[in-house]
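As they're listed, the protein sequences go chains A and B.
Start counting at 1 in the first sequence, then tack on 33, and there's your number in the numbering used here.
Start counting at 1 in the second sequence, then tack on 184, and there's your number in the numbering used here.
To be clear, the hints were calculated from the coordinates, so they are not data collected in a lab.
Pairs of lysine-lysine residues, derived as BS3-like cross-links and limited to a Cα-Cα distance of at most 27 Å, are as follows: (1) Lys244/B - Lys186/B; (2) Lys371/B - Lys244/A; (3) Lys119/A - Lys192/A; (4) Lys231/B - Lys198/B; (5) Lys186/B - Lys125/A; (6) Lys37/A - Lys119/A; (7) Lys231/A - Lys231/B; (8) Lys371/B - Lys231/A; (9) Lys244/A - Lys231/B.
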Amino acid sequence: MNTKVTIAGVEFQNPIMEASGTFGSGMEYSEFVDLNKLGAVVTKGVANVPWPGNPTPRIAEVRSGMLNAIGLQNPGVDVFCERDLKFLEQFKDTRVLVNVCGHSAEEYIEVVDRLASESRVDMLEINISCPNVKEGGIAFGQDPKAVEEITRLVKKHAKQPIVMKLSPNVTDIKVMAKAAEAGGADAISLINTLTGMKIDVERQSFVLANKTGGMSGPAVHPIAVRMVYECSNAVSIPIIGMGGISTWEDAVEMMLAGATAVSVGTANFYNPTATTDILQGVVEYMERKNIEDINDIIGIVR
Amino acid sequence: MKVKERANVLSQKKLADGVFSMVLETKASESAVPGQFINIFSNDGSKLLPRPISICEIDKAAGTLRVVYRVVGAGTTEFSGLSEGDTVEVLGPLGNGFPFEGKTAIVVGGGIGVPPMLELTKQFPGPVTAVMGYRNDDLFLADEFIDASNELIVATDDGSVGVHGTVVDAMKENDLTADVIYACGPKPMLRGVAEYAKDKGITCYVSMEERMACGVGACLGCVCQSTDVDDHSHVNNKRVCKDGPVFLSTEVVL
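With the rest of the complex left out, here is chain B (with noise of 0.2 Å):
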């Protein structure tokens, strides 16, 4: 059976404006994979619904789980004030992760789509090219995505860091080329990088997001649109938190 269970909060950190790092010994660590989330539950009652996170990193020999998260509501306001010694209620982990495939990996992330990526780009087994796109030179996690990649490339919106643009602008000055591209972002991230994918020819996966409420596939709410009817749902429908958040970016409209 599954539970939902009480963690510790191992540290909390600010790593840009808006954006935390916490650290969190949860025994949904035992089980997890790169692009999967966990649901993380306020510790005030009248706000009933989990906020679902992704992971950043897993640390299967600590017990621990990274999560890399934007304050942008009251409930990540809370998480963000959270320190060593707090206890949060998480649930976990939640949804399917990136499949490997292929040798070679181009590893695309935009704004709070960056952390996902850090665990997969640890995991891949063979050489990634991160590709990063961020707002300004505030570059999160860019430190560690040049430890655990052959390459990092960065895109910045204000052009102050690296390509002046967007991942997608990055991965075609850089003509980047592998056997599977591995993208989380804002949608009009992912329906870049799909089609640069689609014209190079190369498998590609998109983490998507939507508003959820149960988290694991009950409800229906966090739904996003299927290019073919959908096997458990029978219409144009998947759902977010159980059949993804990871899907292949040609089964999903973009």
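Just chain A, with the same shape it has in the complex (with noise of 0.2 Å):
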């Protein structure tokens, strides 16, 4: 039986990764999973210097799901290199996806320079749809063009494959994930966070500091797999799903619809082993389907 995947030459030995932020950089879920089981861990947005992000509240639950408003705090990609990098070392297995955040094209390249020369490092994702940052982020997420200039300035720098992570908070995610193929991108990933709010009725106010947060979980996970389906018949590019997966049928699910790999989230958040029992849960149902190859049901559902 064949688990193994390939984006843009870089090998997974199999399509089960975590979504970035919400498994730092594997350090603490270290404690719960042998991360040298994992396809990949896709670390937090990491930016050119330290990030002190969102006032709290930052989390909020909702009815199957939740919200956060984090604001991308991370320690700087110096700090990242010399601690996440080498603590990520020890696990030859897994292939290791960097997140990257900015306020700016500028500050976006400095830390792909700086990644450039770090081996450890398989592959960049470029967070251009984080909606709860105000300047960068989703700004360069929700038009075409910028898009598809930003794919192009970091795919120019990139020493790395790069995967650009687009926001679901668009009329059209199609229009995007076209304008990042025209730019360059060797992969997509999808979905980013929806943006949602949710008030207190007693206190009559905002739950978040930040008012609005990205809505995660098994409640948006059909919006994800949609746009999975959608995006996956506008481009040629592998792409990597993400969305509320929690199950292994939820990440069979977005295969089928397209995704060459899945990405698990808030699922690790009530179930610190939901990477693992995925994976588990995955080959179980190849064995039972006689499935040889995992590639063979790669976007099968038209």
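Please assemble the complex out of the two chains, which come individually in their own frames, going by the hints.
In structure tokens:
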């Protein structure tokens, strides 16, 4: 049985990753799961300098989902390279995708340039879709011209393949997917969180200090499946699918819709072994269905 | 490897209006120390996030943890309906507990910050003065603090029992002093206790609270502001779940 998938020449032992921002750089969850079993560790977004993030409360629960407004708090790329990448050295079987964020094109480039010489970095995921920061992030992700330009610029500097992470907070995500492809993206990942809001009816005020937050969790999964399906029909570059994946069925569904690999996000918070549980479920599904090669199910539902 | 496990509910008891005591049989009891918390998960799949609840008592011999919590929403409402024979998923123990320092201690709790101070009072190696603040004469756990401490001083918001006012008023009125102060409660209370400690030149540890998601330090949802740049975050933020919930009063912004 083959569970290996390849994206932009990078081979993953299996298609199960975790989603950026839900897993740190793997350190905390390495007490629960063997990171060597994952297809990849996708790091929390990293910027050129430390970012303090948003005020608290940053978290709110909603039915079958949650809102977060962390605001991309991160220690900056220098600390990230010295500490987080060094930590990840010991997990040779897993690939490392570094999520890159910035307020401006220059800041993205600074991070990309800094990571160019890091051999532990297999791929870069460019975050142009964070709904919780005012500048950068989603500002790039909602305008197809900006998507294409930032993709082209990053691609020029990057020494690793680049994955553009797309926002679902757009009228037509296919347009953004095509723009990323036109700009030279090696792959796209979707969906980032959907902008939401929760109001405390007793206090008659916003639950989140940021007022709005990104919604994730099982409730958004059908939206993510639809968008992955649409994008896979629109572009020929590979897709990393994510959005509310919490069971092996969700992962398989996403691959049938067109994802070459999938990321598990919010589910880690309520099931610290969600990634490896899902992997096991996918393998059992392949056995039961006599699927020899996982690649045979990618995008076959049309 | 750490694991999330299904714990047996051994008992459930209402202690005061909206305040419940639940005893859980769980492996989390094996390594738990005073000041730590456990994540308790809803049995309803639509409530995704764990509820972080402080540990009130630890019985390693019996393999149990006791949690005393206030019903504040749908999750805690569900927990309060659990009874002997039911099960609930837990993860823990999480966070860092209160470090023991010095020979004498003042242990301060306010409202739902009272419960985590009980196990600390029981385990602290020297004499403990307990100062507990309540809204009214619903003095949950007070009997147990009388047994566990050298002296219990009570403050109530409505003046029905003890000192009329806050725990800080009670500390001032009794001119309390010790080698160390431990406190858990609402932020304004912690601020007052920290100021009292500073004036008296006493080391003070506070237990912080914030809305959490993962509970293990990964998501950065539950940060509090730190006075200095933190070694882990490299900004003025500390993770309440992982770096705390117990902090030196001087290292966090109250």
